[in-house]
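A.B. asks: Could you build all of it, start to finish, from the sequences and the hints given here?
Those protein sequences? They're chains A and B, same order as listed. Heads up: the first sequence at position 101 corresponds to 101 in my numbering, and the numbers run straight through without jumps. Position in the second sequence (from 1) plus 334 gives the number in my numbering.
Everything labelled a hint here was simulated from the structure, so no lab data went into it. Note that the Cβ used here is the ideal one computed from N, Cα and C, for glycine as well. No false leads were mixed into what you were given.
Computed footprint of chain A on chain B; a stretch qualifies when at least three of its residues, placed anywhere within it, have a C-beta under 8 Å from a C-beta of chain A: (1) 389-396; (2) 400-414; (3) 434-447.
Residues of chain A placed beyond 10 Å of chain B at every Cβ, according to the derived structure: (4) T3; (5) D4; (6) N5; (7) V8; (8) G177; (9) L198; (10) G228; (11) P241; (12) D249; (13) Y250; (14) Q288; (15) L296; (16) V297; (17) L307.
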Amino acid sequence: MQTDNQTVLQLFMKMLYARLLEEKINFLIENSIISAPIKFALGQESILGAVEALKSDDPVFYSSRNLGLLCARNIDTYSVLMELLGSDKGLCGGKSGQSTICDVSNGFYGASYLPCLNLPLACGAAFSMKTDAQDSVVMVVLGEGASENGVFFECLNIASLKKLPIIFFVENNAYCGALKSEDASIQKDVAYKGKSYLMPSIIVDGINIMDVYEATKRARAHILNGKGPVLIESKTYRLSPADSKDKQDYRTNEEIEEHTKDCPLNFLSNFMLSNSIGTKDDIIMLKQKVSNDLDLVFKRALLDSGLAYVSQDETEKADKKVGDEALNGEGESI
Amino acid sequence: MREISFYNAVTEAIKEEMLRDERLYFIYDNEYMTKFYSQISEMTHSYGDSRAIVIANSQASIVGFGVGMAEMMNSVIINIMAKDVYRAMEQIAYNMAKLETFYAKQFVSNVVLRVIVEEDPSLGIAQNTGVENIFCALDNMNVVYPSTPADAKALLKSAIRGKEPTVYIENTQLYNDVGPMIGEESLTLPIGISDIKKEGSDITIFSYGPCVKTSLKASEELKSDGIQAKVVDLRTLKPMDKETIVQCACESGRVIVVEPCSMDAYAGNCVARTVVSGTSFDYLKAPLKIIASKSALIPYNPHSKTNDNLPTVFEILEEARQLMNY
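C.D. replies: Right under this line is the structure:
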């Protein structure tokens with residue numbers, strides 16, 4: 001099923017926003033303005049396709065790589081930044097940082113700092129929605145390493161047995177910290193774990209956000225017909241380090257660069273250009289607009305916390321890194 | 335005034351609260367169901383599968399499941415056996431105790447965790463005396479441990495209606511104890527208030543749970559020695575009723591704590607800390623004595639159903655007489 005052009009453009013805007021937000025926060029860390037170990041999810045922006053496919057009040061529970069996800073719905077980026085900076089005006093009053101950041105009014109019910117910590121919460125919330133007969137579906141996002149955990153299997157059983165309206169979205173990003181996922185698990189496809197609990201499970205291409213979007217829409221319709229939970233496994237690649245203190249000695253720069261050419265943003269921009277959804281100039285203009293909007297938010301947040309304002313020249317240098325890879329190369333990228 | 339057993343008082347409290355609030359959910363596991371099958375079948379008959387929810391073989395997620403339901407503006411009672419507490423500990427420590435604070439109160443956690451402590455000597459390695467001390471080490475949770483039927487019913491109702499995560503500990507050794515039910519049927523008790531079960535001005539004995547009975551018996555026998563011993567039932571371990579502790583210690587100047595687990599437990603140390611660091615320090619006439627179980631583990635005994643490892647009346651009498659002669 002083809003995604004319509006309006007949705008493709010919307011998905012591209014959201015991914016661009018997520019990518020630029022993470023690059024800019026990384027810049028703050030490199031300049032020692034934030035020194036907490038923040039976890040980034042570059043290369044995994046296709047999760048935003050899954051959130052777009054849900055209704056705006058469907059509860060979402062997620063994992064510790066959550067900054068990109070927090071660009072969905074109407075979540076205020078200023079509040080997200082203030083939370084990371086530890087201020088009272090943050091989403092959680094500056095108490096949690098990235099560990100349990102949440103915005104319940106927009107249906108974002110919180111991160112889990114440890115693997116599978118909020119899986120049972122999601123199952124309980126799904127049971128409550130089912131009992132109240134609301135047309136809502138709960139989604140919980142976890143990684144492939146967390147799917148080895150005992151609590152994961154307990155929750156698969158509970159959800160399948162009670163036919164809970166929940167989507168288990170597993171982001172398989174090929175690395176569990178420094179260890180490759182294929183060296184950590186005997187079962188390389190998490191979808192078979194869902195299948196063993198008689199749950200419909202599908203594997204989607206996490207590089208193609210449209211695949212993720214359509215699959216989540218189908219899953220939601222399946223669940224609202226009363227047929228029980230669904231597991232979606234999205235195969236992606238983690239471009240960023242495990243956390244901001246990770247030196248990445250376990251993989252080569254060549255490997256990272258190869259996967260950067262294949263990232264979700266490049267894929268979608270190629271698709272747009274080859275299907276005449278936009279021109280190269282349109283995309284460059286979009287990037288500039290999003291970057292300017294973000295800069296204003298960053299300036300306000302940093303000034304309000306009494307920290308040094310990062311100047312325009314320096315942020316442009318960081319932006320240029322993203323621009324070169326995604327848009328200005330010849331041949332395969334375009 | 336009517337007499338009622340501990341077990342029936344707790345069952346009445348649950349029934350009344352389930353009737354009163356239709357957004358109250360009762361979550362249990364198959365271990366609880368095996369032990370209390372008649373209670374469960376009655377509840378399922380009245381309220382159905384969607385209000386009396388069974389989560390089988392998943393003690394590591396059952397508490398999180400309950401908190402997840404509480405996030406959707408429900409009230410929840412989660413029932414587990416004390417031997418499964420250690421497996422459930424991750425969810426209790428993170429999702430029950432801390433979540434509300436780290437979410438900056440974006441939801442209210444109406445969760446009661448009802449822990450059934452069995453002190454059968456034939457349980458072997460799965461014995462779980464002293465499980466209350468682990469909950470006391472976690473912040474932001476109330477820990478309640480009643481000893482009489484009237485207290486049990488009133489405290490359970492308070493815990494359910496209160497908007498804070500609470501751990502309610504029930505000892506099966508007390509189930510057949512009969513006591514008076516005083517006051518109205520819907521009586522609740524505030525959490526954090528202790529109870530003076532017997533007056534006296536020479537010595538104060540602080541106790542909780544199954545040791546309150548023993549302390550009352552010792553107090554009766556001390557009367558023949560001319561010693562008037564006050565017996566205070568702590569009822570709530572967290573937050574402890576520090577005002578009453580200081581007041582009683584000032585009055586009598588001699589304090590004994592009788593607790594049902596081994597010496598490194600929470601209650602005795604908390605009472606000692608309160609007595610020594612407050613105004614009562616100047617009024618002490620003798621050192622503070624803590625009487626606990628002699629050994630940390632209940633010895634295996636296939637012929638007994640009661641826990642014989644608890645402090646005895648004889649030990650309390652000895653310590654009390656020594657304190658009076660100090």
